[in-house]
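Student: Could you build all of it, start to finish, from the sequences and the hints given here?
Here are the chains, one letter per residue:
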Amino acid sequence: MIIEQAPALIVVVSLMSAIATPLIGWLRKDLCYLWVILSLLFTTFCSVLVLNTVIHQGTIHYYLGSWLPPWGIEYVVDHLNAMMLVLITGASLLVAIYSRKSLEIELPDRTIYFYTLFLLQVTGFVGIVITGDVFNLYVFLEIASLSGYALIATGEEGAPLAAFRYLILGTVGACFYLLGVGYLYMVTGSLNMADLADILPRLYESKVILVAFAFFMVGIALKMALFPLHLWLPDAYTKAPSVASALIAPLMTKIAVYIMLRIMFTVFRPNFSMALLPVTQILLYAGVIAIFVGAVMALAQRDFKRMLCYVVIAEVGYMAGGVGIANAVAIKGAILHIMNDVVMTLGLFAVAGILAYKMKDHEIGAFKNIFKTMPFTMAAFLVVALSVIGVPPTCGFFSKWYLIQGSVMAGNWIFVVALLFSSLINIVLFFRIIETGYYDFGTSESGHAHEEGSAVNEAPLSMLIPTIAVAVVIILIGLYNQSIITNIINFAVPKI
Amino acid sequence: MGAFLIYGTIDMPDWGDPNSPPSVHVSPRYIKKTEEETATPNMVTSVLADYRGYDTLGETTVIFTAGMACILLLRRRKEAGKAGQ
Amino acid sequence: MDFIIAKYNYWIYIILMMIGFYAMIAKTNLIKKIIGMNIFQTAIILFFVSMAYKKGGATLPILTNADMHGEHAIQVAGYLNPLPHVLMLTAIVVSIATLGVALAIAIMMYRKYHTLEEDEILKAIK
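Protein chains in written order, with our numbering: chain B, 1 to 496; chain V, 1 to 85; chain Z, 1 to 126.
I should point out that these hints are in silico values taken from the structure, not numbers from a laboratory.
Just to be clear, a hint being listed does not mean it is correct.
With a cut-off of at most 30 Å between alpha-carbon atoms, the simulated DSS-like pairs for lysine-lysine come out as follows [as the list claims (entries may be wrong)]: (1) Z/K112 to Z/K27; (2) Z/K112 to Z/K32; (3) Z/K112 to B/K29; (4) Z/K32 to Z/K123; (5) Z/K123 to Z/K27; (6) Z/K112 to Z/K123; (7) B/K29 to B/K101; (8) B/K358 to Z/K112; (9) Z/K112 to B/K101.
Label-pair restraints from in silico Cβ distances [said to hold, decoys possible]: (10) B/D198 to V/I63: 33 to 43 Å; (11) B/A20 to V/A39: 29 to 39 Å; (12) V/I63 to B/L41: 21 to 31 Å; (13) B/M16 to Z/I92: 18 to 28 Å; (14) B/E4 to Z/I19: 43 to 53 Å; (15) B/W26 to Z/K32: 35 to 45 Å; (16) B/Y438 to Z/L122: 32 to 42 Å; (17) B/D198 to Z/Y110: 49 to 59 Å; (18) Z/R111 to B/P108: 15 to 25 Å; (19) V/T60 to B/F431: 47 to 57 Å; (20) B/E435 to Z/I96: 48 to 58 Å; (21) B/Y438 to Z/I25: 41 to 51 Å; (22) B/I289 to Z/K123: 26 to 36 Å; (23) Z/I31 to B/K29: 34 to 44 Å.
Covered stretches of chain Z, going by a simulated chain B footprint (3 or more residues, C-beta under 8 Å) [unchecked claim]: (24) 20-34; (25) 42-51; (26) 92-101; (27) 108-114.
Cβ coordinates follow ideal geometry from the N, Cα and C atoms, glycine included.
Tutor: If you want it as structure tokens, here you go:
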């Protein structure tokens, strides 16, 4: 019975547990943490079941309320969805385990409400990914966005202004999406993605469709932080509390990439998106510029978290450029990169949170001698850094390989240059941190400082285990990437 | 941006056209069958609560999220003398 | 020029949207930005609702007593399209929720910095 109802259960359980969290918190504050972990465990289990079913049986169609589409809302779970579901629930589970100690320091008096918004955000993300109806997607997009704005605004100095800017720009993006839905509805009369895909081919010459597509793309690009609409991202993710940035940063932008993939390939079929418009050119150039801007600005940062934000912007550039190259290999690379990037960004921000917990600071200059005091954390950080640079056998290498292969096949050398350039800059970035962490420059009595500082002062276990788990997952995805591609991603790539 | 929007209105169906696609494709079933399938004479309610009830669940969740967000953001600390954070 | 006359309602909404969008981007007072956002969202909602109208004497989408007992077939063209109304009920609720969260953040900032101008807050942070 669970398997049949699993798609709906994932959303419903998250929602109900989010509603129950304040009630439990008013009874006993310590139970909240366990409750959050339990509900996320259950949803992860359900999403793994869904993935299993999709691999063996093909696409799942689940009709909510038993009304057939297009009169009712349906859930369509195909391979792309199922992979994203497992990623989202798994990542949120890891962040939830990680969150207890960090919240004790940063937000001691409001943990109940923080956990409620945490679960609501997960509900929003899962709802976006699993639905097959464009208006339902808007509703869940707003749930996710609203909880994101609130979670970010509880951060340190300057966080409310960053959250406010994110709110204004994010609402503009969502409203553009809604406008796109409205224009599409006006000429087709339907809101279901599969139904729209059937009706639209007859209407490709209509100007309304063109305008609708443009609005969708701009709205999604705002949420995705694609250059030049990325200005909200550095402030918002830097000033947010560590747990909030560890939850939102890996997931929100990649889910926006997922929405773009859905709109471009499921609703508007590939021959419209690719052939009739210069959309792929625009995506490609925006991606390339995003990679360059991200890399250069990251070099200029002294604050560790801000540097990571620019790395995220560059990663979004990889994905957008991969879609812009418009052949099957590059899109395969882009989808694999979604998976890798969720894991890598989670690892990076988890390490940043641990460092903020221990050092109470995020300037790079303050990270002296941390390789001796926090060996496990920095080992995990090394693995994640190697993956961002793109070294085998970590997963980052394989997605870059597919992207480079795809762009060479398309004859597009600018993208190859951008990818290689970004790898080089990443090497410089991460080695700078490794260098600061290994050697203890700065004090003249460095001999004495060595002895005092070299006692192992490792991060607490509840924060350490998820970080190491992420590093292990990165290596595992890298080793098993062939089977992941043949079983899941090959089916998710649209036929071009 | 306004010019772009206006460009899009050229191909739109006229105002009040009873044969425009939205009125022809999905909604006739809502109008015709609302009595027998949902026993509600008010069509807006039957669509909102029955055919598309899931959207209403999402909408309720949005209100809940906003409420929780306000509590999270606006609660003052209990210690006297500290600025609210 | 007849496409303008036949569709003048859309032009009105586009003008409203532009006003709201300009207010959101160009003004520096936080409350003015929030009001601009609300105008923008309201214009989109009006745009959707206007889609539902049918000329020729269509009434509200509520069945009257005469139709309810199946005495004659229900005329589809006699009733407005209910679907956009439904979608916009949800959109109105979402826009109010966003307004609420935006105002909560503005109150947070006012409590801390005692001003509602964006540039003064930026100076105070640095």
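Student: Each of the hints needs a verdict: does it hold here or not?
Tutor: Hints, one by one, checked against the model:
1. Taking the CA atoms of Z/K112 and Z/K27, the gap is near 21 Å; set against the 30 Å cutoff, the hint holds.
2. Taken as a hint, the Z/K112 and Z/K32 pair is honoured in the structure, with Cα atoms around 19 Å apart against an allowance of 30 Å.
3. Restraint check for Z/K112 and B/K29: satisfied, since their Cα atoms lie roughly 28 Å apart, inside the 30 Å limit.
4. Pair hint Z/K32 plus Z/K123 holds up; C-alpha atoms about 19 Å apart against a cutoff of 30 Å.
5. Taken as a hint, the Z/K123 and Z/K27 pair is honoured in the structure, with Cα atoms around 17 Å apart against an allowance of 30 Å.
6. About 13 Å separates the Cα atoms of Z/K112 and Z/K123, which keeps this hinted pair within 30 Å; it holds.
7. For the suggested pair B/K29 and B/K101, the alpha carbons sit about 14 Å apart, so the restraint of at most 30 Å is met.
8. Between B/K358 and Z/K112 the CA atoms are separated by roughly 27 Å; this keeps the pair inside 30 Å, and the hint holds.
9. The straight-line distance between the Cα atoms of Z/K112 and B/K101 is roughly 27 Å, inside the 30 Å bound, and the hint therefore holds.
10. Distance hint for B/D198 and V/I63: a CB-CB separation of about 34 Å, consistent with the stated range 33 to 43 Å.
11. Distance hint check for B/A20 and V/A39: the Cβ-Cβ separation is about 33 Å, which falls inside the suggested range of 29 to 39 Å.
12. For the pair V/I63 and B/L41, the beta carbons lie near 28 Å from each other, so the given range of 21 to 31 Å is met.
13. The hinted range of 18 to 28 Å is satisfied by B/M16 and Z/I92, whose Cβ atoms lie roughly 25 Å apart.
14. Against the hinted window of 43 to 53 Å, the Cβ-Cβ separation of B/E4 and Z/I19 comes to about 50 Å, which satisfies the hint.
15. Judged by the Cβ atoms, the range 35 to 45 Å given for B/W26 and Z/K32 holds: they are separated by roughly 38 Å.
16. The given range of 32 to 42 Å is respected by B/Y438 and Z/L122, whose C-beta atoms sit roughly 37 Å from each other.
17. Judged by the Cβ atoms, the range 49 to 59 Å given for B/D198 and Z/Y110 holds: they are separated by roughly 51 Å.
18. Taking the beta carbon of each, Z/R111 and B/P108 are about 19 Å apart, inside 15 to 25 Å as hinted.
19. Remark: the range hint 47 to 57 Å for V/T60 to B/F431 is upheld by a beta-carbon distance near 51 Å.
20. Evaluation of the 48 to 58 Å hint for B/E435 and Z/I96 yields a pass: the beta carbon distance comes to about 52 Å.
21. Under the hint 41 to 51 Å, the C-beta atoms of B/Y438 and Z/I25, about 46 Å apart, fit the expected range.
22. For B/I289 and Z/K123, the Cβ-Cβ distance of about 31 Å falls inside the hinted range of 26 to 36 Å, so the restraint holds.
23. At roughly 36 Å, the beta carbons of Z/I31 and B/K29 sit within the given window of 34 to 44 Å.
24. Check result for the stretch 20-34 of chain Z against chain B: holds, 4 residues qualifying (beta carbon to beta carbon below 8 Å, three or more required).
25. Counting residues of the stretch 42-51 of chain Z whose C-beta lies closer than 8 Å to any C-beta of chain B gives 4; at least three are required, and the coverage claim holds.
26. As drawn, the stretch 92-101 of chain Z meets chain B at 4 residues by the rule of a beta-carbon pair under 8 Å; at three or more, the given contact holds.
27. Counting residues of the stretch 108-114 of chain Z whose CB lies closer than 8 Å to any CB of chain B gives 3, which reaches the minimum of 3, so the coverage claim holds.
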